[in-house]
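Chemist: Protein sequence lines, in the order shown, are assigned to chains V and Z. Per the numbering used here: the first sequence = residues 1 to 391. Per the numbering used here: the second sequence = residues 1001 to 1296.
Each hint should be verified, as a subset may be incorrect.
As the list claims (entries may be wrong) - In silico SDA-like links for lysine to any residue, alpha-carbon gap of 25 Å or less:
#, chain 1, residue 1, chain 2, residue 2
1, V, K220, Z, F1065
2, V, K341, V, Q66
3, V, K178, Z, T1005
If you're looking for bench data, these hints aren't it; they were derived computationally from the structure.
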Amino acid sequence: MRKVLSMATVALLSLSLVTGCGTTAAPNAPKAADVIKVGGDLELSGGTAAFGQAAEKAIKLAFEQQNAKGGVLSGKKLEYVSADNKSDAGESTVAATKLATQDKVVAILGPMTSGDTLAAAQVVADSKVPLITPTGTSDKVTIENGQVKPWIFRACFIDPFQGQVAANFTSDNLKFKKAALFIDQKGDYSKGLATSFEENFKKAGGEIVAKEQYVAGSDKDFRATLTRIKAANPEVVFVPGYYQEVGLILKQAREMGMNQVFLGGDGWGSPQLVDVAGKAALENTYYVNHGAIDDPGMAQFFKDFKAKYQSDPDTFAALGYDAANMLIKAIETAGSTDSEKLRIALESTKGFQGVSGVLTVDPKTHNPVKSAAILQFKDGKAVFMTKVNPK
Amino acid sequence: MGNVTQQFLQQIVNGLSLGSIYALIALGYTMVYGIIKLINFAHGDIMMVGAYVGWYATTVLHLSFLPALLIAMVVSAILGVLIERIAYKPLRNVIRIASLITAIGVSLFLEYGGMLLVSPQVRTYPPVFPSTIYNVGGIIIKYGDIVMVVTSIVLMISLHVIVQYSKIGKAMRAVSFDTEAALLMGINVNNTISATFAIGSGLAAAAGVLMGVYFNTIDPLMGIIPGLKAFVAAVLGGIGILPGAMVGGYFLGLTEAFVSGLGWSTWRDAVAFLILILVLIVKPSGLFGKNIREKV
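Just need the whole structure built from these sequences, with the hints factored in.
Modeler: Printed below as a string of structure tokens:
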């Protein structure tokens, strides 16, 4: 009886082997070597899901367009491997590890926020996989103790520049002298922006009349603190946070009769901000962003994105698209997907024409040199106002 | 100096509307504890479910505030009874820590089950209330503030009437006084406990809808922090004592508003839990509790 059983097992096993061979030998399937895998460690769910979802759509679009043009490195197709980091630093490390070790991707695009990018930094350094964050703006993302992190790149400008643009805009364009800061005490992003805003605003002769904090993720009632800010009577309130809290803050501030100008950074850039705050609360508010969707340079991308997804792209999509194309260009320059060659190619990116502007990577800091845009809310829509170049 | 008084009064308004939410949730905690000596840690998450039902009723079914509130309360009441029957009842006669751990399990189940079902995406409530704002001598009072405080007070008075004058209320008081004696007197203890869960969960759902409408956003993890705060409120007032939960809720809301108002907004949560620790050290039975020695 045992013999019969074992024979049957052997027969079954060999049968499965045969069928297994059959599938791999299928003539039309592309060989593994013809595919270049690129991972996306993105915020597809959680608190900043709007950023990651927009970027993923744009990355897929960029790869599709490149594949339609015949792929990269004479005929190889790009394949996108998705991983959700749930807008959480811990999950971001997990996603990066999975992409680098299990999926063996040649490069990683994302995450969108600085905190999630920092969480993935060690993984990509250990496994020597270049990573390009579309919107991780904290200066710590690429530099640690004065040393550049060799494997991390970005497609966006950095927080100190953003804070500086906001401060200069406040003193030069709006001609305000008294500002209040409302900072997310948990966020590196928020603190970085606030610090550089404060420095530059004071340099221009301005005064910080109030400096308050909130905790992103758990605070929903900001009225107690807003009452305090209102009492300090600032001309402008700088809120460098993400759309969810900013939306609530703006709504509650306007309800409390605060008619001041509110100002923020690229973390404001999501349609959800309008849902949460409401159109009326957004009047008289401005934010610094990487580019504007009504900028003429975006036109072609705008058309392509809308044709594929039947919805308008936002600037996060634009930067995701730029990050993907930066990588494609680097793969072509390197002439291979060897990680060291790819890294050098990314480091020497010069005059790359992205949809969000012309970009040159500084090899010493891995920070791109590019311009910023100021957007103003009009009837619930962010409208391009002016472009600010780096000094 | 007018400015300071104005700020002070404004913080009272802020604190009262926040406090009514805590008070409503704290009532449920306290009722359940009073009757079966269980800290129902899933209570904040029942509030979250209520908020989602209310969201569904307002955005998908296009109902106005009151029917949405009632539907949310009914659905959560049923959920509360189901949770009690499935998760807590089988453990009623074993050591208390078992039901406590089960409650934590139910809480996590609702949080992450909710994420699976409705996605972790934050949702925005439609504007259910008119955005009328009253300016009383520089103090800003929203239409929503008034609805929130009035709804909570109406619900609290109804609860008081039910507990004091109705048959089920008398049964609840009897069961909480002595379960076995109540059983001997012919009271259906199981039904009484179910009723307690139903009422408590209904109140939590009301708090959830109010919170959703008031703060405009809901997400599957929204119940954790208010749930913990309401627990502090219940302990502060004396767990098991209904007026205590109410006072505790309002006290906590006002404290938080003043802590933030003094510029220590980041210490807000810390102060809430500091109060809990102080109460437990100084007067473990809470503000309204009598020191009764436990029966051995």
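Chemist: Against this structure, judge whether each hint is valid.
Modeler: Structure-based check of each hint:
1. K220/V - F1065/Z: holds, 21 Å
2. K341/V - Q66/V: With Cα atoms ~21 Å apart, K341/V and Q66/V stay inside 25 Å; holds.
3. K178/V - T1005/Z: Since the Cα atoms of K178/V and T1005/Z sit roughly 24 Å apart, the hinted pair holds (cutoff 25 Å).
The structure fails none of the hints (numbered hints given earlier).
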